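S.K.: For the protein sequence lines, the chains are P and R, in the order given.
Numbering of the first sequence is given in the numbering used here, commencing with residue 7 and proceeding in unit increments.
Numbering of the second sequence is given in the numbering used here, commencing with residue 2 and proceeding in unit increments.
Think of the hints as simulated: they come from the structure by calculation, not from any bench.
Some hints could be false.
Unchecked claim - Pairs of lysine-lysine, DSS-like flavour, derived with a Cα cap of 30 Å: (1) P:Lys209 x R:Lys425; (2) P:Lys205 x P:Lys153; (3) P:Lys192 x P:Lys246; (4) P:Lys187 x R:Lys137; (5) P:Lys11 x P:Lys255; (6) P:Lys212 x R:Lys425; (7) P:Lys205 x R:Lys23; (8) R:Lys439 x P:Lys100; (9) R:Lys344 x R:Lys36; (10) P:Lys212 x R:Lys139; (11) P:Lys248 x R:Lys425; (12) P:Lys153 x P:Lys42; (13) R:Lys23 x R:Lys425; (14) R:Lys344 x R:Lys63; (15) P:Lys211 x R:Lys59; (16) P:Lys153 x P:Lys246; (17) P:Lys187 x R:Lys63.
All values reported here derive from a predicted model rather than from experimental measurement.
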Amino acid sequence: MSEYKVPTMAEMASAGESPEILFWVGCAGSFDDRYKNVTRAFIKILNKVGISFAVLGEEETCTGDPARRAGNEFLFQMQAVANIQTLNGYNVKKVVTACPHCFNTIKNEYPALGGNYEVMHHSSFLQQLINEGKVSLKGGGTFKGKKITYHDSCYLGRANNIYEAPRQVLEAIDAELVEMKRCRTKGFCCGAGGAQMFKDAEKGKKEVNIERTEEALNTGANTIAVACPFCMTMMSDGVKNKEKEAEVKVKDLAELIAESEGL
Amino acid sequence: MEYLQQILFLITLGIASFILYKRIARIRSNIMLGKDIDLNNHKSQRLNNMLLIAFGQKKMFKRPVPAFLHFLIYFGFLVINLEVLEFVIDGLTGHHRIFAPLLGGLYPVLMNIFEFLAVAVLISCVIFLIRRNVIKVKRFHAREMTSWPTLDANLILIIEIVLMLAILTMNASDQLLQLKNDHYPDTGHLFFSSFLIPLFDGMSEGTLVFIERFAWWFHIVGILGFAVYITFSKHLHIFLAFPNTYYGDVTPKGEMRNMDAVTNEVNMMLGIQTEQPAEAPAEIARFGAKDVNDLTWKNVMNAYACTECGRCTSECPANQTGKLLSPRKIMMDTRDRAEEVGKSLAKGGKGLEDGKSLLGDYITKEEINACTSCNACVEACPISINPLEIILEMRRYVAMEESGSPASWNSMFQNIETNFAPWKFAPTDRFKWAEEFKED
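My request is simple: use the sequences and hints to build the entire structure.
M.R.: This is how it looks when you write it as structure tokens:
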């Protein structure tokens with residue numbers, strides 16, 4: 007057996023237990039080959055700190071975010087109401103997710119439909135673990151002194167005012183954080199939000215992710231830290247497009263922590 | 002003859018007030034074309050936002066140079082209104098500088114402050130003209146900045162310069178008249194306008210009186226005219242910025258407003274009992290927004306408050322990478338359409354039924370589809386305008402009323418419906434990522 011456990015809500019419920027947190031994996035975290043690694047890294051961290059958690063497994067479905075932003079309110083609400091029934095059925099109190107889109111939707115949009123939970127994005131959750139000393143990062147670890155730039159996700163930053171938590175996580179791994187010119191409130195979108203992930207961009211002179219990747223590469227950082235599956239895809243594609251994938255890695259905060267912890 | 006000036010002034014003031022009243026009533030009814038929305042919640046937060054963002058110019062200072070110059074004009078405008086009050090009282094009563102004897106030694110101090118602000122406004126306006134027309138700051142030159150928006154911006158700056166010059170001219174000739182005629186109370190030495198005195202030195206009293214009166218009338222008629230002009234112009238932000246920030250969003254930027262009409266239907270479809278007694282579903286006029294009347298009055302007020310500064314567009318990732326979308330154009334189009342409908346209704350015309358609509362005739366699908374909903378435009382607006390809300394409402398119309406979303410979005414919808422994920426993966430594969438933990 008693996009040293010890492012991935013309990014589901016159903017298992018927990020049948021054992022008469024209820025976990026402290028529900029880890030909402032999200033569609034990208036479940037299906038996207040690259041982002042599955044982020045899911046696994048976060049599972050390792052959860053196991054390491056010994057927090058009581060569970061996932062929904064096959065019971066989880068899309069929050070409806072891309073449908074709503076593309077204008078299909080019916081589909082969004084069908085998804086939302088079904089998810090809320092599942093969550094309320096398990097009497098979920100606290101949700102943690104690695105996807106800013108899931109985070110925003112469950113936190114801000116589910117309450118109007120009867121879903122009220124304490125919702126955290128994994129960046130705030132990781133920051134909290136670090137502050138509480140539950141994740142004690144080894145000084146002089148893998149990332150000591152390495153240049154990392156952080157790409158703000160619109161749905162964390164402007165949408166929900168989370169700017170500092172991801173940066174504090176990066177500082178904790180002892181990396182040298184170099185900011186892009188457009189950061190925090192002025193952050194530049196990766197190009198995938200608002201359901202853009204699911205269609206080709208309109209005609210223009212450039213793709214948004216290329217513009218952003220150029221900006222990230224100009225910082226001279228060899229790691230681009232992201233905190234969103236869409237940003238991950240867009241920035242990785244950008245790096246590939248610039249043929250820099252050998253020198254520059256795009257990594258999620260959870261992966262950086264897990265790596266730094268040797269998990 | 003003695004009362005001629007007073008009568009003329011009363012008539013001028015009356016005409017200006019009447020035109021202003023009509024214009025404000027028209028703008029109000031145009032804004033009210035929008036749907037009702039209750040924004041009377043969070044009163045203290047709203048008041049706070051208005052004080053910080055409109056009065057305190059908080060968001061302007063993200064760009065310090067224009068913010069500083071704009072602050073001088075803004076502050077000058079607020080303070081010089083005190084002088085306008087004196088102008089109006091003088092005009093109605095036939096006095097000259099009625100506050101002078103009342104304020105005594107304070108009056109010259111105030112006058113010098115006004116003059117300082119007048120000069121600050123003048124210099125700021127000149128620099129703004131240079132920024133627009135010589136340096137050609139990029140955000141002032143875009144596809145939507147056609148002849149009228151460009152002319153409008155320049156006219157405002159030029160009118161403000163001319164009005165400030167009128168004050169200084171009046172004060173200069175007035176200072177000379179104070180030496181010759183008791184009607185002109187002593188204002189003490191006025192620093193800035195005294196530089197103009199050599200221009201008028203040696204002129205006869207009659208000529209000076211003419212110049213002083215001309216400058217006085219020019220200034221007050223100019224201000225009244227400017228007030229009327231503003232109601233046709235983007236410059237309306239000087240008034241609407243205040244209600245606009247008060248009624249601005251107090252919810253997190255990422256939150257899209259729930260469509261309660263849809264919730265009722267979804268609950269019925271899923272057989273969910275709601276706590277509210279089942280009301281007969283109200284006839285829903287339209288899902289999403291096709292025209293101005295589908296937007297809320299707040300959206301339309303946003304459009305009237307927009308001063309076309311283009312900070313939204315200059316931050317928009319779609320616009321920056323050459324797509325057609327410009328959040329500023331969304332606001333300008335909304336205002337233009339509201340004006341068009343309002344004008345038609347006032348003439349007894351067809352109004353909204355004129356065969357045109359905001360989406361289609363003004364804003365294209367290509368524009369709204371390019372939006373990443375990143376909220377950069379919302380963040381950038383110095384007075385809490387939200388172009389994103391309008392864009393998303395239009396997407397709702399396209400998706401739900403027209404089924405006209407891009408094909409790849411339709412397949413995404415289908416994937417969510419059948420596989421519960423936006424990608425075409427089997428729902429039973431959703432938990433496969435955990436297999437490596439289970440297998441060891």
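S.K.: Could you run down the list of hints and mark each one as holding or not?
M.R.: Structure-based check of all given hints:
Between Lys209 (chain P) and Lys425 (chain R) the CA atoms are separated by roughly 26 Å; this keeps the pair inside 30 Å, and the hint holds. With a C-alpha separation of about 33 Å, the suggested pairing of Lys205 (chain P) with Lys153 (chain P) is violated against the 30 Å cut-off. Of the pairs offered as hints, the one joining Lys192 (chain P) and Lys246 (chain P) holds, with about 25 Å between alpha carbons and a cut-off of 30 Å not exceeded. Distance check on the hinted pair: Lys187 (chain P) and Lys137 (chain R) sit about 23 Å apart at the alpha-carbon level, within 30 Å; holds.
Annotation: proposed proximity of Lys11 (chain P) to Lys255 (chain P) holds, straight-line Cα distance about 28 Å (limit 30 Å). A distance of roughly 28 Å separates the Cα atoms of Lys212 (chain P) and Lys425 (chain R); the hinted pair therefore holds under the 30 Å criterion. Under the criterion of a C-alpha separation no larger than 30 Å, the hint pairing Lys205 (chain P) with Lys23 (chain R) is inconsistent with the structure, at around 48 Å. Distance restraint check for Lys439 (chain R) and Lys100 (chain P): the Cα-Cα separation of roughly 25 Å lies within the 30 Å cut-off, and the hinted pair is therefore satisfied.
Between Lys344 (chain R) and Lys36 (chain R) the CA atoms are separated by roughly 19 Å; this keeps the pair inside 30 Å, and the hint holds. About 18 Å separates the Cα atoms of Lys212 (chain P) and Lys139 (chain R), which keeps this hinted pair within 30 Å; it holds. Distance check on the hinted pair: Lys248 (chain P) and Lys425 (chain R) sit about 29 Å apart at the alpha-carbon level, within 30 Å; holds. Taking the CA atoms of Lys153 (chain P) and Lys42 (chain P), the gap is near 25 Å; set against the 30 Å cutoff, the hint holds.
About 58 Å separates the Cα atoms of Lys23 (chain R) and Lys425 (chain R), which puts this hinted pair outside 30 Å; it is violated. Taking the CA atoms of Lys344 (chain R) and Lys63 (chain R), the gap is near 37 Å; set against the 30 Å cutoff, the hint is violated. Proposed proximity of Lys211 (chain P) and Lys59 (chain R) is contradicted: the alpha carbons are some 34 Å apart, above 30 Å. For the suggested pair Lys153 (chain P) and Lys246 (chain P), the alpha carbons sit about 19 Å apart, so the restraint of at most 30 Å is met.
The hinted pair formed by Lys187 (chain P) and Lys63 (chain R) meets the criterion: a straight-line CA distance of about 14 Å does not exceed 30 Å.
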